[in-house]
Amino acid sequence: MHKKGVGDFPFYCGINSLSELATKDDRVVVLNILGKESSGVTPISNDYSGGNIVFGTGPGKSGKSLMTKSGKIPVYNSIREGLDAGHKFNTVVIYLPPSGVKDGIAEAVKENPDLTKAIILTEKVSVKDSRVMRAICQANGVDLFGGNCLGLADAWNHVRLGGALGGNAPEESLVKGTVALFSNSGNFTTTIAVYLTTAGWGTTTSVSSGKDVYIQYGAKEFLYAFDNDDRSKVAVMYSEPGGYYEYGLKSDKPIVACVVGRWKARLSKACGHAGSLAGSGDDALAKEQWFMDYFGVDGIYTPQKPIFSKKGALVTNIAHIPEAVSKVMELNGQKPDFEPKGSLALKSWFGNNQGLSLPPELDIPVVEAANPYNEQIEALNKMVGAQHRRETLKDASGASMMDPKTQVSKIHSTSILDASLKTFEANLVFALTRVYPCEYGEKIANLALNMYVNQHGQPTLAAAQAARENGNSPNTVVSSAVAICGKKMVQKAMDASNALLELFQFSKMNDPREKFDYAEQLKSADKYKDALLADGEDHCAEKLATCLNSAGHSVFVQFVQDYAKANGGKLSTDALFAAVWTTLGWEALRTKKISKGTLGRLPWYSRIYSTIVGVSAPAERFTEDSIAGVKLEELIPNYSFTKTAFVTLLGRQPSESEFYEFQVLLGLIITNGPGTISAQGCKGAVSADGPEQPQRVQLNKAFIGFLTHTGFAHGGNGYEAAAFLIENFKGKGLKNAADTGHGLDLGAMAMEVANNYSDYKKKQKAIGNLDYAKLPCVNHPIFKGKDVNYDPREVFVQGLFKDKGINNVFLDFYHSLVEALFKAKVSKNVYCVNIDAVIAVILLKVVWADFNDGKMKEEDIESASFATFLFGRMIGCAAEIEDHTSRGKNMDTRTPASKCSYVG
Amino acid sequence: MQITGMLWGRKLLDLVEFPHSEVRGPELSVDEIKDMIKRHGQIFIKPLFKGGVGKKGKAGLMGRVDNITDALKEKERLYFAEHVDGFNKVKSDGVTYEGGVPADFEVYFSISESTEHRCPIMTITHHGGVDIEELGEDKLKVVPFDALTGLKAFHVSNALMELGAPTALISPLVQNLPKLWDLYNNYGMLMLELNPIRMQSGKGGRLAPVACDFKCAFDQDDPAWKRLNLPSHLFASDYSEFEQEINQLRTYQGQSDVFVMNDKGTITAPTFGGGANAMVTELLGEEATISSDFGGNPPYVKMNDISRISFKYWLPQSNVLFIIGGKANNTDIYETFRAMGDGLREFFQTHGPIPLFVVVGRGGPNVIRGMNYLQEILDSLGIPYRFFGHDSAMSEVINYALAVNEWMKNGGKDEIKAKLKI
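Keeping their order, the protein sequence lines are chains A and B. Here our numbering is used: position 606 in the first sequence is 606, and no number is missing along the way. Here our numbering is used: position 228 in the second sequence is 228, and no number is missing along the way.
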């Protein structure tokens, strides 16, 4: 039951020529016009087509409208209401959800006798609804398109009906020409149109047919209308497997067909024999054969083997379509519509090898993108540094994580085991810039960090000393000093950092260690005069400049000096200090690892780092020009910050092995992930200041957050193991903990401890006390259960020390102890010696000689142990603070009341 | 979504009161099998497959027995029988026992959708019980009919007369076959096939149709099949664990039509658009882990969910993350790239870094913003990448991804591992 249409189709088809498919006279109604999809696409369609949409519908939305550049499109509750308002239309476009599509068609057909076209954009319309809609439209003389299509477009008429053919800039793709385009894929309709322009071909009418079981406007109807369209000289048809739509096609004009999808046959399962009759036999191979038979060719067209006839060519790659069209049309005596536009060769718009050396065929250079994309990229390139999207960072971090499998934590994707091989100063820089400094970087970092360690005569030291004398723990002592390191203390240096950033951010300089002509920057620097020049006398500046110049070359350091020279020699220490940190952060900024904000904050972190190390020593260790007896003139230019920290903390020079052990120790403590109390403390402090306005975040307060979230149980507990070792080694005559010829029978000592512990444990169990004391630093909740257990982190450190020939009696004792515990049947297997033991034994070894000689008391060991923890953890917490400041949200660490519980 | 066999087929046939043979499931005891043989003279033992199995006519997947010894032998042979049809391999889990129906005529009948006629069609022949496509055209009848009015008695009657079917067949088939349209039309089917329907002689010699095998396919986009309350495990074998998880996101907006291509593949390619999907699937072949079409302008949350699930399953084994599509018409590239980029970062945060190379080929609205966002994430993760716009031939971009994959297999992966300190 169908109306009589054009041609001799066994069904209704009303389109005689492609020129009638999308015309200036078509008037359109859009159902569900205010839906998400339509409200984005419809305004562009309306504007491109000269305002052809008369109204839209949306139940309950009468009175609303959709804004377009061509005017407001009114919205009615229903088609009836729109018609009653005096509108007339012949085309309905449907954006309804699948269950409503059939009803939309029924409504449009029933209400509007003038309806001639219906276009369904909706995906996943059921087959049942498709066949019913087809029957309705057939009976009423309506041409149906889709579903799951992108509609129709005509480059000659400058009209698109339905969906988003040509995207948000239809003119870019819909270029007037002589190719009629029919595609099962909506995306490929546009993509093929763009590809065609590279061979100089434009389009007449483009049809996105959809690829549901029912293709309502199929290839046969398209070719019929193509033959009757004088504008169209050649057809391009893109077909996918499934359906007999292309079987037995014919046309008076040439066709280039593209069939893709041979592999897809593997993904579908035939259903019984009915599939063979109605469904299969229509796979890609079959379709290729249909076209080849029609074209009279015996193969597929490829640029390497162009097979084609006057009737056309078959390709299986859309990139080959433009060339095939040109070849076929050449045979038909037709030239392209216009000069080719661009090419389809590989052009990389963005790329980064990340330092890898790729083989030449893969190392495709990044080239300038075509207009207007090149302008957009250029605009983005002006966005210097990383642009972080803010997110809730409660219990989350972009800086650290702990691998639950290995229990090894990572900072900026670097395992703490690897970090422990780096120097203290390298890790301090890395925490903030996410890039390890080079040798030169470490040298200038040492200068910047050393120059502010001496706290003599400073209020910071006075505050710390007062706190210390009143019985506070090391973390509390340090907090009181850090509170004084407010922003004003480093404002000048931060201003200088920002000035350097402003001057150099759009320059082509990627590596400040290389020569760079900054004549332009020198000319424009006057507006930053206040930041870059000293206010008055600055005695340190020249000395610092000399040290920096002898360390190597930095564009920023040189620039600051040259600018000062050009301005009466007012060289500024703050500006040089800023130049150092800008040098250290530049690579990270250029590779978008850090933001501009981070770069500007680096001097503040530096001052806090130096202060924390400085005030951890008692006041008497400082004089105006020395620390622990080392002259500043010697220390600042020559000491690594690792050595400075050791000397400041312990008041003496380290031996070579002690220096190495100290460095490893600091690395191992860096982080245990964002869940640790210290990390939570500093993150909470940032969160409370509101990182969405990062300039308001008080970095020193965030460090106080970290410091106050350490304590006797977290950070100070390293002493527990030290105390245990002291208890067992005191009075045993051990003079040097590195001496392998110590003469002690560690096995016997360990056995004694194990037996005593066994007795103790039995007694406690007998009296019902299950909360008996555990031996510190043995066993681990993860590394257990095997006959002999190892903590891989401890194994790593032991290996390091072995390679360096470094011995540690206390560590050897711990290994004897775990074996003795097994022999004494305290443990069922040989426990591991865990990482906390490593930390304890390294520190105890360092202080053992002084302790043994009575120069150090037990409480001093506890303080030194705690302070060492603070040094190491300072690295990890600095990373957390900067990460949270850059990416976190205001008050994001709070716990909603609903998730809190009352346990009173 | 397909059903094969009578165990479940009979339940559907009961809905429209279409006669069928006695069918029992794998739970049958030896005594019960003996009893069935006694009552029917012979029984058919068939493997029990879940989901679609394709054609199985000549595969020897049926035992015809008239004694318990043979019955038990056939049970053992068929209980875990494997069947290969094309690229698909299925394994049975149990057998059905179906009472033999003595008959002189076997009828083939199906309803399906015809892309040639663009309406539903009935296919019928009284030369049934064989591979139907091997019959001559004059021996079967394909009848298109109106979707609004459905399959009518006269369609069946005319077809059988034109085929020259014995008159005794016509009346019982005309009475019973149109019922099957109700089953087909009301429960969202795409195909319904009964082969054979055996014409059993009843009282007074009158023939009655008895369905002896059943196959149907449901339209996933038609919720009507849910009214049947079929157990979900029936279709579970059609989908992998990954497909099942991602299919939960399936809505009419698309974006979650995903298939596993090769569970040992090394290129994971989130693909946008049906055309791109066909092309990418074609050119990547066995190298690809999944075949996907995430086009249709997915919102951020959905795309992020899809990425999260896809990455969880496939990234650990992948060398290349290949994001590919043509020049999008409507899909917001910024939103989709942001969702995938965040998904990738989340993967690295949760599972730790893996050696990966990212290749992108894409165009469309907000493409530069999208690429820039993804670029920043990749830079922060230290992953090498190349992004191509829509003005690079998609096939060339695919070839580039394949070349990267080869390089990764031959040492590139180790180089990235070393760089990422994995």
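These aren't lab readings, by the way, just hints derived from the structure by calculation. Ideal Cβ positions, reconstructed from N, Cα and C, are used throughout, including at glycine. Check the hints yourself; a few may be wrong.
[Said to hold, decoys possible] Part of the chain B face toward chain A, derived, beta carbon under 8 Å: (1) 21; (2) 26; (3) 29; (4) 281; (5) 355; (6) 379; (7) 389.
[Claimed, not checked] No more than 16 Å apart at the CA atoms, straight line, and that leaves these computed lysine to aspartate or glutamate pairs for EDC-like: (8) A:110 x A:84; (9) A:220 x B:116; (10) A:735 x A:836; (11) A:732 x A:759; (12) A:889 x A:395; (13) A:825 x A:727; (14) A:596 x A:535; (15) A:347 x B:116; (16) B:419 x A:111; (17) A:889 x A:692; (18) B:73 x B:116; (19) A:24 x A:8; (20) A:889 x A:418; (21) A:347 x A:330; (22) A:732 x A:853; (23) A:774 x A:836; (24) B:417 x A:418; (25) A:341 x A:171; (26) A:88 x A:111; (27) B:421 x A:836; (28) A:730 x A:752; (29) A:233 x A:361; (30) A:565 x A:587; (31) A:593 x B:379; (32) A:394 x B:82; (33) A:3 x B:346; (34) B:421 x A:803.
Cross-check of the supplied hints:
1. 21: violated (18 Å)
2. 26: Constraint on residue 26 of chain B not satisfied, violated at 22 Å.
3. 29: With a minimum Cβ separation of about 31 Å from chain A (threshold 8 Å), the hint on residue 29 of chain B is violated.
4. 281: holds (5 Å)
5. 355: violated (10 Å)
6. 379: Holds: closest Cβ of chain A sits about 5 Å from residue 379 of chain B, inside 8 Å.
7. 389: It holds, given that the least Cβ distance between residue 389 of chain B and chain A is near 5 Å, below 8 Å.
8. A:110 x A:84: holds (14 Å)
9. A:220 x B:116: holds (11 Å)
10. A:735 x A:836: Violated: residue 735 of chain A and residue 836 of chain A sit about 23 Å apart, past 16 Å.
11. A:732 x A:759: violated (23 Å)
12. A:889 x A:395: holds (13 Å)
13. A:825 x A:727: violated (23 Å)
14. A:596 x A:535: violated (26 Å)
15. A:347 x B:116: Violated, at about 43 Å.
16. B:419 x A:111: violated (67 Å)
17. A:889 x A:692: Holds. Residue 889 of chain A to residue 692 of chain A sits at ~6 Å (cutoff 16 Å).
18. B:73 x B:116: violated (45 Å)
19. A:24 x A:8: violated (28 Å)
20. A:889 x A:418: violated (31 Å)
21. A:347 x A:330: violated (28 Å)
22. A:732 x A:853: holds (13 Å)
23. A:774 x A:836: Judged against 16 Å, a Cα distance of about 14 Å means the pair holds.
24. B:417 x A:418: holds (14 Å)
25. A:341 x A:171: Cα-Cα ~14 Å, so holds.
26. A:88 x A:111: holds (11 Å)
27. B:421 x A:836: violated (24 Å)
28. A:730 x A:752: Holds - the C-alpha atoms of residue 752 of chain A and residue 730 of chain A are around 15 Å apart, at most 16 Å.
29. A:233 x A:361: violated (39 Å)
30. A:565 x A:587: Violated, because 27 Å separates the two Cα atoms, which is more than 16 Å.
31. A:593 x B:379: holds (7 Å)
32. A:394 x B:82: violated (52 Å)
33. A:3 x B:346: Given pair residue 3 of chain A, residue 346 of chain B is violated - Cα atoms ~58 Å apart, limit 16 Å.
34. B:421 x A:803: violated (21 Å)
The structure fails hints 1, 2, 3, 5, 10, 11, 13, 14, 15, 16, 18, 19, 20, 21, 27, 29, 30, 32, 33 and 34 (numbered hints given earlier, in ascending order).
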